[in-house]
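As you go down the protein sequences, you meet chains A and B in turn.
Take the first sequence: its letters are residues 1 to 225, numbered as in this note's numbering.
Take the second sequence: its letters are residues 1 to 260, numbered as in this note's numbering.
It should be emphasised that the hints constitute simulated quantities derived from the structure, not laboratory data.
Be aware that one or more of the hints could be misleading.
[To be verified] Here are the computed lysine-lysine pairs in the DSBU-like style, where the Cα-Cα straight-line distance is at most 30 Å:
| # | chain 1 | residue 1 | chain 2 | residue 2 |
| --- | --- | --- | --- | --- |
| 1 | B | K155 | B | K88 |
| 2 | B | K88 | B | K228 |
| 3 | A | K190 | B | K164 |
| 4 | B | K50 | A | K190 |
| 5 | B | K42 | B | K242 |
| 6 | B | K123 | B | K158 |
| 7 | A | K190 | B | K250 |
| 8 | B | K242 | B | K155 |
| 9 | B | K202 | A | K190 |
| 10 | B | K164 | B | K199 |
| 11 | B | K202 | B | K166 |
| 12 | B | K202 | B | K250 |
| 13 | B | K123 | B | K88 |
| 14 | A | K190 | B | K199 |
| 15 | B | K199 | B | K135 |
| 16 | B | K250 | B | K230 |
| 17 | B | K123 | B | K199 |
| 18 | A | K190 | B | K42 |
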Amino acid sequence: MNWQPIVLTIRIAFTVCAILLVIGMPIAYWLAFTQRRWKFMAEALTAMPLVLPPTVLGFYILVAIGPHSPVGRLYQECFGRGLPFSFQGLVLASVIYSFPFMIQPIASAFATIDRNLISASLILGASRLKTFFRVILPLSIGGVVTGIVLSFAHTMGEFGVALMVGGNIPGATQTIAIAIYDDVQALDYKSANETALLLLAFSFITLSITYAVNRRLWAAWPLAR
Amino acid sequence: MRRYATGILALILIVGWSVPGRALAADTLTIAAAADLTFAFKEVVPEFEKETGDTVKLSFGSSGNFYAQVQNGAPYDLFFSADIGYPKKLEAAGLTEPGTMYEYAVGKIVLWVLNQSPLDLSKGLPILTDSSVHKIAIADPAHAPYGRAAVEALKTDKLYDAVKSKLVQGENIAQTAQFVQSGSADIGILALSLALAPKLQKEGRYGAIPDTLYPPIEQAAVVLKASKDKAAAEAFIAFLKKPETIALMKRYGFVIPSKG
Chain A
1 MNWQPIVLTI RIAFTVCAIL LVIGMPIAYW LAFTQRRWKF MAEALTAMPL VLPPTVLGFY
61 ILVAIGPHSP VGRLYQECFG RGLPFSFQGL VLASVIYSFP FMIQPIASAF ATIDRNLISA
121 SLILGASRLK TFFRVILPLS IGGVVTGIVL SFAHTMGEFG VALMVGGNIP GATQTIAIAI
181 YDDVQALDYK SANETALLLL AFSFITLSIT YAVNRRLWAA WPLAR
Chain B
1 MRRYATGILA LILIVGWSVP GRALAADTLT IAAAADLTFA FKEVVPEFEK ETGDTVKLSF
61 GSSGNFYAQV QNGAPYDLFF SADIGYPKKL EAAGLTEPGT MYEYAVGKIV LWVLNQSPLD
121 LSKGLPILTD SSVHKIAIAD PAHAPYGRAA VEALKTDKLY DAVKSKLVQG ENIAQTAQFV
181 QSGSADIGIL ALSLALAPKL QKEGRYGAIP DTLYPPIEQA AVVLKASKDK AAAEAFIAFL
241 KKPETIALMK RYGFVIPSKG
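The shape of chain B in the complex, shown without the other chains (with noise of 0.2 Å):
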């Protein structure tokens, strides 16, 4: 009996053991994106992989968070930044691979209202004053380059002391939308990106918060030094860069910026 128990504990451990863990193969890319491109991305990178036959991993989060990461030795082979300034300083410290920075898009910021909401979003930013809006979700301003616009909006408009009190902060664009589209929060400043998304254009509605109050929120794509395949990596640039692409994302509310 002793016997038998052992031999069924070294069959579990062998069986957990050999459970295959995937090791990363050569052909994949390990893309780190900012959260407003979530579900934009989810559409693009299924097109790549059909076309290239390269496995691509993505990582979604807060563009702050992923440039302290890689300044750790995260193993990323892009970066999606939601803010040009975490690519530029990467590449100030030698991070990145020279010349493959591409700003591939400009953000914007909108209010978010699930469509039950009786609030009315023409009126602009001053509506988060309402009487009715108990909690305004926005992304981390530390390091959520939406989240730093949405603050920034707001002191431009002189509504920031107003509405202080009733922000809750999202770890990244896409948890701030997640807050509203849960009803936890009653409004939101999102990403015109996630707005636009299927799945929440279905549950609610946007208005336009105007361009004036925030500086333009530049994004930009990088090829990191730690990347084991840059070819493949820059074969997904040139991949954004096609017209069917930029299609794709302009139907997202990524509008490449009229310099680049």
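For reference, chain A alone in the conformation it holds in the complex (with noise of 0.2 Å):
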């Protein structure tokens, strides 16, 4: 059994959940409470990646990090490398990839809490951050937990951009669901089994979680009392 491509795999859905999940929460907390006129478009924009096949999103990301874009030629001069082709390159294109699968749940469990608790805790004096960390999040944690798993699991599953702006290298770029697909072509099933019951199978166990946590059959952050 290859684990490369699977650590591989697991290693760039980490990191681009982490990176989401940081850059996601401000975006997901504008679009919630912006009274903006035209916060549907921003919303559109965000679910673009979505209907966007995955090879055109994955081909021009490519062109805009490529060398001859002043984006890949900045990260050049700075790293010494290119990067298209590279684990850091797979990694901002799946953030791209994966955007709406973390905004979409945690904005709108933000948007669906009760407006008086917050109105109620900026009268009493907590400033918006405070605000933010102690009473909206906790209350909408079910989204948030959503979002992770969902993104995560969706970045596991890449294949269209990842081969695109990847460049199947074993061990930098190759990941599972490229790995299937080379091992097909190789007309080595065996192998391209067994790495797909694996997927299966994580993705099954993912799923249900999430399903479980918003059912509050299973409470991700039990609250101390």
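With the hints as a guide, dock the two chains, each given alone in a separate frame, to form the complex.
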């Protein structure tokens, strides 16, 4: 059983999840609470990676970070190597690819909080930041967990984007889905089946956790009483 | 309880992060190889690794695809192209190490069917017009040299228009082989090197297609400028030139062109 693609994909998924959590929270907060008239356009923009074919997304990301682009050239100067076909380039592409899977659950969780509670907290003198951590976040933890789990699982199954931006280099950019594709092409069905089964089991467990948490069958963060 | 949960989560994050991701070591060679080398290289590369102690990472795909990737800065050390046109274009663009081009073989296309197929391959290409043939697998001529050769041969034999609607295209020649081997296509135009691979030899049989029907598939390897270990890359090419390796490649149908 070839563990390298599995280990690599897990690393990518963890990194992407962590990055998305950090940048996703403020964006989801803005989407949930802003009063701007053009909010609908921002919402559409965050949902774009959902409708664009992964290969199209991957191709344009490749062009945007390639050696002929400003971003690519800057990265080359700072780090001495190219952004496409590297682990870092793949992480960047995956962040864009899984963006809506983190933003949307969190934003809708934020939006469904009773505004009176937020108002009460602000009126009682808590700062916005304190209100966020003490009132908003605990009440929307289900949405946050869903976002984390879904973007993790989505990144685990990444193929089209990884193929375009990654270059299928074993150990650096060969994700599970690409490894399975390679095995099938090399007529090694046994290996393909094993890896696919592992991915299937993993995804099922991940999704079961998401739904169990949301049904309050099992709380992710049981509060100390 | 909350602290406990936080601790578990932190532990998972730390473990997940530190799960070793292999950074490419200095004596690692990354080779972009045309898909027709899939089986041949799986024999050649372990021999090379044993002899030199280097590690080799193989990526198989269509030559045209790799050409595009190299132009976009893909970090391969060596490029084995099933069409010499691509390395020549890269050389003209200054993306290769001058003087390292090596024509390692001339490729051939053959008809291939599974053993249980009743088709008579001795008839050559005209068998494709048979009414029992519903799907013919070829590689995508847009970026796979074997696909281009297949289309050329069909056009020369004036069969292309007759069979056009039956063609299914694999992304590269290995996927094309997989289409036929899995039974999805009734017959395919494959690389001789794949037809000679032990797995495909066991499961099917091949029929010759006359060389005169298509331009020669000249194949060449080249060391890329992006290579981080040019010495190791050149050592691999030197390894290919050894008599034992040439004999091994010959078994897979890779014949050194008579001029090189």
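We went through each hint and held it up to the structure:
no.	hint	verdict
1	K155/B to K88/B	holds, 26 Å
2	K88/B to K228/B	holds, 21 Å
3	K190/A to K164/B	violated, 34 Å
4	K50/B to K190/A	holds, 26 Å
5	K42/B to K242/B	holds, 17 Å
6	K123/B to K158/B	holds, 15 Å
7	K190/A to K250/B	holds, 28 Å
8	K242/B to K155/B	violated, 38 Å
9	K202/B to K190/A	holds, 17 Å
10	K164/B to K199/B	holds, 29 Å
11	K202/B to K166/B	holds, 26 Å
12	K202/B to K250/B	holds, 18 Å
13	K123/B to K88/B	violated, 36 Å
14	K190/A to K199/B	holds, 14 Å
15	K199/B to K135/B	holds, 22 Å
16	K250/B to K230/B	holds, 26 Å
17	K123/B to K199/B	holds, 24 Å
18	K190/A to K42/B	holds, 17 Å
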